[in-house]
Every structure is written in C-alpha cells, then in structure tokens.
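A.B. asks: The listed protein sequences correspond, in order, to chains A and B. Going by the working numbering, the first sequence opens with residue 1, and the numbers climb by one from there. Going by the working numbering, the second sequence opens with residue 1, and the numbers climb by one from there.
A few of these clues could be false.
[To be verified] Some chain A residues near chain B, calculated using beta-carbon distances under 8 Å:
hint, residue
1, Pro52
2, Pro118
3, Glu142
4, Asn155
5, Ile210
6, Asn211
[To be verified] Simulated coverage check for chain B against chain A, where a stretch passes if three residues somewhere in it have a Cβ under 8 Å from a Cβ of chain A:
hint, stretch
7, 29 to 35
8, 76 to 90
9, 100 to 108
[Stated by the list, open to error] 30 Å max Cα-Cα, derived DSS-like pairs, lysine-lysine:
hint, chain 1, residue 1, chain 2, residue 2
10, A, Lys212, B, Lys71
11, A, Lys182, A, Lys65
12, A, Lys64, B, Lys51
13, A, Lys182, A, Lys61
14, B, Lys103, B, Lys71
15, A, Lys95, A, Lys109
16, B, Lys103, A, Lys65
17, B, Lys15, A, Lys61
18, B, Lys15, B, Lys63
19, A, Lys212, A, Lys30
20, B, Lys103, A, Lys64
21, B, Lys103, B, Lys51
22, A, Lys182, A, Lys95
23, B, Lys51, B, Lys15
24, A, Lys182, A, Lys219
25, A, Lys61, B, Lys103
26, A, Lys182, B, Lys71
It should be emphasised that the hints constitute simulated quantities derived from the structure, not laboratory data. Predicted model only: the values in this text are computed from it and were never measured. Glycine included, C-beta positions come from ideal geometry on N, C-alpha and C.
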Amino acid sequence: MSQEHVLVVFPHPDDEAFGVSGTIAMNTEKGVPVTYVCLTLGEMGRNMGNPPFATRESLPKIRKKELQAAADTLNINDLRMWGLRDKTVEFEDPKTLTARIGNVIDELKPTLIITFYPGYSVHPDHEATGRAVIRAVEQLPEDERPAVHCVAFSNDCYEMLGEPDVVNDVSSVSHQKLEAIKAHRSQTEWIIAAMAEENPEKVPEVLKRINKEQFWTYKF
Amino acid sequence: MQPITLDTVQNEINKFLNQDVYLHLETTNGAYASHFNQSFFSVGAYIRNAKVNFERGIITGDKAPYRAGLKIELGWVYAEGLTHWEVNEDGQLLLAGHDAEGKLAVALQLSPHPFE
C-alpha cells in the first residue's frame with residue numbers, strides 16, 4: 001500500500017468549503033498530506049457587498065488571501081494556485097489541462113483524488129475541471145488509478161447517479177470546517193448570517209447537513 | 001466604491017478621451033441562475049482588455065441606475081444598470097451595476113494599461 005496522499009482539484013477558492021473541508025481536515029488531522037490545486041481565483045464572483053467591500057479588480061486579491069487562510073485552517077501545506085481565469089476553464093485546451101493535472105498525479109502519486117463529477121456539477125468550470133481530472137486518471141494503467149471521489153449537485157444528480165456511496169461524518173472537525181467556511185468571507189458572509197439567524201429558508205441545503213460530506217466514487 | 005454622481009464620473013471619463021485605453025465590459029446574472037430557477041434564461045457577455053480609443057464618452061440618466069456610452073473609432077460601447085464607481089490605486093475607472101443584494105450585474109471599466 002503506497003503512502004496516503006489526498007489531491008483536491010477545484011476551479012474556485014471556496015469550492016472546497018461546504019462539501020469537502022471537513023474531509024480535508026480529517027485527513028490532515030491523521031497526518032495524511034493534502035494537496036489542493038485551485039485553478040482560478042474566482043475573479044468573476046458577483047458578491048461585492050452593500051455597501052461594496054470589493055470591486056471586479058480587487059476581488060481576486062481578496063479571494064487569494066481567503067483561500068490561503070482557509071488552507072491554513074485546514075492544515076493544507078501544499079496549496080497550488082494555477083492562475084487560470086474564472087469562467088474560462090472550459091475554453092482552455094483540454095489536452096494541456098489534462099497533461100498539467102497528469103503531471104501533478106505523477107509527482108504526488110495520490111491515493112485519493114477529490115474533484116467535481118463531470119456532467120453533474122452545474123458550473124462550466126466545475127465540469128471542465130472534473131473532465132480534465134477524469135481524463136488524466138484514465139491515462140493511468142487501471143491498477144495504478146487512485147480512487148476518485150466526486151462532488152455532484154446538479155438537480156438531476158440523485159436521479160442519474162443514485163445515492164452517494166461515500167458519506168463522511170465530519171462532526172469531529174466541525175469547528176475547523178466552520179472556520180474554513182468563514183475564511184471565505186467575501187463569498188460566505190451572508191450564509192453565516194443566515195445560519196446565525198437560524199433562518200431555514202436562507203440556509204442552503206448543504207449546510208443543513210454540515211456534518212455529513214458526500215461523494216460519488218467515479219466509475220471508470 | 002461609491003454611488004455614482006454624474007458630474008464626478010463624467011469628469012473621470014473625460015480623462016480617458018482620445019487615447020488608446022483598455023476596456024473591461026461584462027454583464028452577468030451568475031453561473032447558478034438556471035440551476036436555482038430552471039426557467040431562467042441565463043445570459044452574460046465578457047470582454048477584457050479590448051484596446052479602444054473613444055472621442056466621446058457620456059454617462060447619463062435621470063437617477064440610478066445610469067447608462068454610459070463610448071463612441072469609438074468604428075462603433076460604440078455601452079452599458080446600462082450602472083450604480084457605483086471608483087478610481088482605484090492603479091488609475092483605473094471602474095463603473096459597476098450592483099443589485100439590491102450587492103451582487104455585480106454589469107461592469108464597464110477603463111484603464112490606461114492592460115487589466116491584470
């Protein structure tokens with residue numbers, strides 16, 4: 001059995017926050033190294049605040065700091081920001097992106113990869129990222145492929161994929177998870193406020209089950 | 001950013017007249033609009049670092065949100081729904097339209113050098 005190493009690949013700072021940060025924290029807590037590749041800085045985020053706290057030009061700088069803070073909270077000591085631009089990932093050359101992810105896999109030999117499930121992850125950047133990761137893993141010989149745990153949340157994901165086969169109870173690290181969510185303040189402040197108000201209409205579903213993180217194992 | 005006052009912003013636009021400048025123009029209703037409401041027709045357009053030279057640039061409207069138009073060499077650039085403005089530390093004029101929740105829906109930005 002090779003040494004455990006988790007590779008997380010997402011396009012936006014905060015993609016890890018709600019559904020994956022507890023799983024990350026549980027891994028780093030038991031000494032499993034976690035590498036987080038984040039493709040963009042979420043430059044196209046829309047929440048500027050009222051009154052505004054950010055502009056289209058300052059937002060990436062803010063989100064970069066938030067991402068670093070979230071990674072620190074989760075004890076991620078290998079955070080890689082790839083400098084692509086938000087909402088353009090699907091227009092990049094898929095071969096280049098696949099090769100770049102393939103290089104990281106060759107370097108780290110991860111035992112588990114976490115990314116988005118292609119076809120069931122809504123945002124075009126999520127889809128393009130998930131596709132590139134799956135292509136990169138497909139290029140490995142079958143017996144060398146790490147497990148790939150995918151996040152899915154499209155409206156039809158349960159109908160098409162069934163129930164998630166991996167459900168992690170992350171209640172032991174719920175404090176860390178909440179801190180990671182709060183670290184992405186520019187994106188999550190309104191959600192944190194809704195939670196504090198205990199307003200069930202405003203609190204997203206994913207937070208109602210904050211202690212359960214769910215994944216679909218990709219079937220090659 | 002500050003709420004737009006026409007005279008002030010007009011004065012800032014004038015500083016970019018008749019020279020090569022870099023344009024960022026964007027409209028967006030967010031990547032999740034159709035996810036949350038499947039009948040919603042999601043649209044957006046985006047151009048970053050187009051080099052333009054305009055001889056006439058106007059911001060107008062009776063009250064917020066405002067409209068801005070730039071008459072460029074071979075055509076026009078315009079945006080509507082503008083509510084806020086700022087000149088940042090890089091000397092870039094940022095105009096944006098924020099909805100009631102503080103979410104950006106439109107941006108028209110000018111810079112003397114390419115946007116990062």
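A.B. asks: Confirm or reject each hint.
C.D. replies: Now the hints, each set against the structure:
1. Pro52: holds (4 Å)
2. Pro118: violated (16 Å)
3. Glu142: Hint violated; Glu142 (chain A) Cβ to chain B Cβ min 34 Å, cut 8 Å.
4. Asn155: holds (7 Å)
5. Ile210: At 20 Å from the nearest chain B Cβ, Ile210 (chain A) fails the 8 Å test, so the hint is violated.
6. Asn211: This hint is violated: Asn211 (chain A) lies away from chain B, its Cβ roughly 24 Å from the closest one there, beyond 8 Å.
7. 29 to 35: Result for this restraint: holds, n = 4.
8. 76 to 90: holds (count 4)
9. 100 to 108: Since three or more residues must qualify, the claim that chain A covers the stretch 100 to 108 of chain B holds, with 7 doing so at under 8 Å.
10. A:Lys212 / B:Lys71: Violated: Lys212 (chain A) and Lys71 (chain B) sit about 55 Å apart, past 30 Å.
11. A:Lys182 / A:Lys65: holds (12 Å)
12. A:Lys64 / B:Lys51: The hint holds at about 28 Å.
13. A:Lys182 / A:Lys61: OK: Lys182 (chain A) and Lys61 (chain A) at ~17 Å, within 30 Å.
14. B:Lys103 / B:Lys71: holds (28 Å)
15. A:Lys95 / A:Lys109: Holds: Lys95 (chain A) and Lys109 (chain A) sit about 20 Å apart, inside 30 Å.
16. B:Lys103 / A:Lys65: Given that 30 Å is the threshold and the Cα spacing comes to 20 Å, the pair holds.
17. B:Lys15 / A:Lys61: holds (27 Å)
18. B:Lys15 / B:Lys63: Between Lys15 (chain B) and Lys63 (chain B) the Cα gap is close to 23 Å, so the pair holds against 30 Å.
19. A:Lys212 / A:Lys30: Satisfied, since the Cα-Cα distance of roughly 18 Å is no more than 30 Å.
20. B:Lys103 / A:Lys64: Roughly 19 Å between the alpha carbons, so the hint for Lys103 (chain B) and Lys64 (chain A) holds.
21. B:Lys103 / B:Lys51: holds (27 Å)
22. A:Lys182 / A:Lys95: Given pair Lys182 (chain A), Lys95 (chain A) is violated - Cα atoms ~35 Å apart, limit 30 Å.
23. B:Lys51 / B:Lys15: Roughly 16 Å between the alpha carbons, so the hint for Lys51 (chain B) and Lys15 (chain B) holds.
24. A:Lys182 / A:Lys219: violated (33 Å)
25. A:Lys61 / B:Lys103: holds (18 Å)
26. A:Lys182 / B:Lys71: violated (44 Å)
In terms of the numbered hints stated before, the structure departs from hints 2, 3, 5, 6, 10, 22, 24 and 26, listed from lowest to highest.
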